[in-house]
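My request is simple: use the sequences and hints to build the entire structure.
Heads up: the sequence lines are chains A and B, in that order.
Residue numbering for the first sequence follows my numbering, beginning at 34 and increasing consecutively.
Residue numbering for the second sequence follows my numbering, beginning at 342 and increasing consecutively.
Watch out, some of these pointers could steer you wrong.
[Said to hold, decoys possible] Keeping only pairs whose Cα atoms sit at most 30 Å apart, straight-line, the calculated DSS-like set for lysine-lysine is:
no., chain 1, residue 1, chain 2, residue 2
1, B, Lys399, B, Lys410
2, A, Lys77, B, Lys390
3, A, Lys77, B, Lys410
4, B, Lys409, B, Lys390
5, A, Lys50, B, Lys383
6, B, Lys409, A, Lys77
7, A, Lys50, A, Lys77
8, B, Lys447, B, Lys390
9, A, Lys77, B, Lys399
10, A, Lys71, A, Lys50
11, A, Lys85, A, Lys71
12, A, Lys71, B, Lys383
13, A, Lys85, B, Lys383
14, B, Lys447, B, Lys399
15, B, Lys447, B, Lys383
16, B, Lys399, B, Lys383
17, B, Lys409, B, Lys447
18, B, Lys390, A, Lys71
19, A, Lys77, B, Lys383
20, B, Lys410, B, Lys447
21, A, Lys85, B, Lys390
22, B, Lys390, B, Lys410
23, B, Lys399, B, Lys409
24, A, Lys77, B, Lys447
25, A, Lys85, A, Lys50
26, A, Lys71, B, Lys447
Worth flagging that the hints you see were computed from the coordinates, not collected in a lab.
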Amino acid sequence: DAMVIQNPRYQVTQFGKPVTLSCSQTLNHNVMYWYQQKSSQAPKLLFHYYDKDFNNEADTPDNFQSRRPNTSFCFLDIRSPGLGDAAMYLCATSRGRLALDEQYFGPGTRLTVT
Amino acid sequence: AQSVTQLDSHVSVSEGTPVLLRCNYSSSYSPSLFWYVQHPNKGLQLLLKYTSAATLVKGINGFEAEFKKSETSFHLTKPSAHMSDAAEYFCVVTVNSGNTPLVFGKGTRLSVIA
Numbered sequence: 034d035a036m037v038i039q040n041p042r043y044q045v046t047q048f049g050k051p052v053t054l055s056c057s058q059t060l061n062h063n064v065m066y067w068y069q070q071k072s073s074q075a076p077k078l079l080f081h082y083y084d085k086d087f088n089n090e091a092d093t094p095d096n097f098q099s100r101r102p103n104t105s106f107c108f109l110d111i112r113s114p115g116l117g118d119a120a121m122y123l124c125a126t127s128r129g130r131l132a133l134d135e136q137y138f139g140p141g142t143r144l145t146v147t
Numbered sequence: 342a343q344s345v346t347q348l349d350s351h352v353s354v355s356e357g358t359p360v361l362l363r364c365n366y367s368s369s370y371s372p373s374l375f376w377y378v379q380h381p382n383k384g385l386q387l388l389l390k391y392t393s394a395a396t397l398v399k400g401i402n403g404f405e406a407e408f409k410k411s412e413t414s415f416h417l418t419k420p421s422a423h424m425s426d427a428a429e430y431f432c433v434v435t436v437n438s439g440n441t442p443l444v445f446g447k448g449t450r451l452s453v454i455a
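Structural data, given as structure tokens:
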């Protein structure tokens, strides 16, 4: 019954070694989001896809990239992870981008950088 | 621009007593307001939302919130706390139209004492 699935749940990577986090959804939603949540902080939106249209937040570092090969999947690529990138990464989906369109969150991937 | 302030970073209640989590918002336009709950190492779950209909909103697990425009508040309440309510709670604001992203408060950690 899982609707938004994130793999892996826990990821350990080395400083500077590229890493990819995965998100898939069974809801057939148009919009997919990636959030970064550091310890004891609120989630921070990195970017989102509306269908194939990529929307980057102004303060998202260039080190973070995303791909959406089809409706169901979306990937977060961190090209050169630093220690400051250790965080929980949350994927969410919604049917549209209006306030009425509820966002459904996955369980998150906790990234550790050594 | 939108912003949200959660007035307490940590609230502790005894099981069976009422819960009050406070949230004030600021919005240039007609806001939509949400409360999300996050249990440890889990994704966010929508508790309830206000999108310009009834000002008293009922959500899941016995929670409710009242939109008070004159006080710019959207406090979350529950008559009787349960141990399973212990979690992090986020108040979130956005606007009713367009693709404005969700703006999260910093969160309130609710502890429930047996």
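To see whether the hints hold, each was checked on the structure:
Annotation: proposed proximity of lysine 399(B) to lysine 410(B) holds, straight-line Cα distance about 17 Å (limit 30 Å). Distance hint between lysine 77(A) and lysine 390(B) is fulfilled; the C-alpha atoms sit about 20 Å from each other, no more than 30 Å. Simply put, lysine 77(A) and lysine 410(B) have alpha-carbon atoms about 26 Å apart, close enough for the 30 Å limit, and the pair holds. A threshold of 30 Å between alpha carbons decides the hint, and for lysine 409(B) with lysine 390(B) the separation of about 14 Å falls inside it, so the pair holds.
Proposed proximity of lysine 50(A) and lysine 383(B) is supported: the alpha carbons are some 26 Å apart, at most 30 Å. Between the alpha carbons of lysine 409(B) and lysine 77(A) the distance comes to roughly 26 Å, so the proposed pair stays at or under 30 Å and holds. With a C-alpha separation of about 23 Å, the suggested pair lysine 50(A) and lysine 77(A) falls inside the 30 Å cut-off, and the hint holds. A distance of roughly 18 Å separates the Cα atoms of lysine 447(B) and lysine 390(B); the hinted pair therefore holds under the 30 Å criterion.
Restraint check for lysine 77(A) and lysine 399(B): the C-alpha separation of about 27 Å stays at or below 30 Å, so the hint holds. The suggested pairing of lysine 71(A) with lysine 50(A) holds, with an alpha-carbon distance near 20 Å, which does not exceed 30 Å. The suggested pairing of lysine 85(A) with lysine 71(A) holds, with an alpha-carbon distance near 28 Å, which does not exceed 30 Å. About 14 Å separates the Cα atoms of lysine 71(A) and lysine 383(B), which keeps this hinted pair within 30 Å; it holds.
About 28 Å separates the Cα atoms of lysine 85(A) and lysine 383(B), which keeps this hinted pair within 30 Å; it holds. Simply put, lysine 447(B) and lysine 399(B) have alpha-carbon atoms about 23 Å apart, close enough for the 30 Å limit, and the pair holds. Taken as a hint, the lysine 447(B) and lysine 383(B) pair is honoured in the structure, with Cα atoms around 17 Å apart against an allowance of 30 Å. Taken as a hint, the lysine 399(B) and lysine 383(B) pair is honoured in the structure, with Cα atoms around 23 Å apart against an allowance of 30 Å.
Our distance criterion of 30 Å between C-alpha atoms is met by lysine 409(B) and lysine 447(B), whose separation comes to about 21 Å. Distance check on the hinted pair: lysine 390(B) and lysine 71(A) sit about 25 Å apart at the alpha-carbon level, within 30 Å; holds. Distance hint between lysine 77(A) and lysine 383(B) is fulfilled; the C-alpha atoms sit about 16 Å from each other, no more than 30 Å. Taken as a hint, the lysine 410(B) and lysine 447(B) pair is honoured in the structure, with Cα atoms around 21 Å apart against an allowance of 30 Å.
Straight-line distance between C-alpha atoms of lysine 85(A) and lysine 390(B) comes to about 28 Å, which keeps the hinted pair within the 30 Å bound. This hinted pair checks out: lysine 390(B) and lysine 410(B) have alpha carbons roughly 15 Å apart, not beyond 30 Å. For the hint pairing lysine 399(B) with lysine 409(B), the CA-to-CA distance comes to about 15 Å; that is within 30 Å, so the pair holds. The hinted pair formed by lysine 77(A) and lysine 447(B) meets the criterion: a straight-line CA distance of about 10 Å does not exceed 30 Å.
Note on lysine 85(A) and lysine 50(A): the hinted pairing holds, with a Cα-Cα distance of about 27 Å set against a maximum of 30 Å. The hinted pair formed by lysine 71(A) and lysine 447(B) meets the criterion: a straight-line CA distance of about 11 Å does not exceed 30 Å.
Checked against the numbered hints above, the structure breaks none of them.
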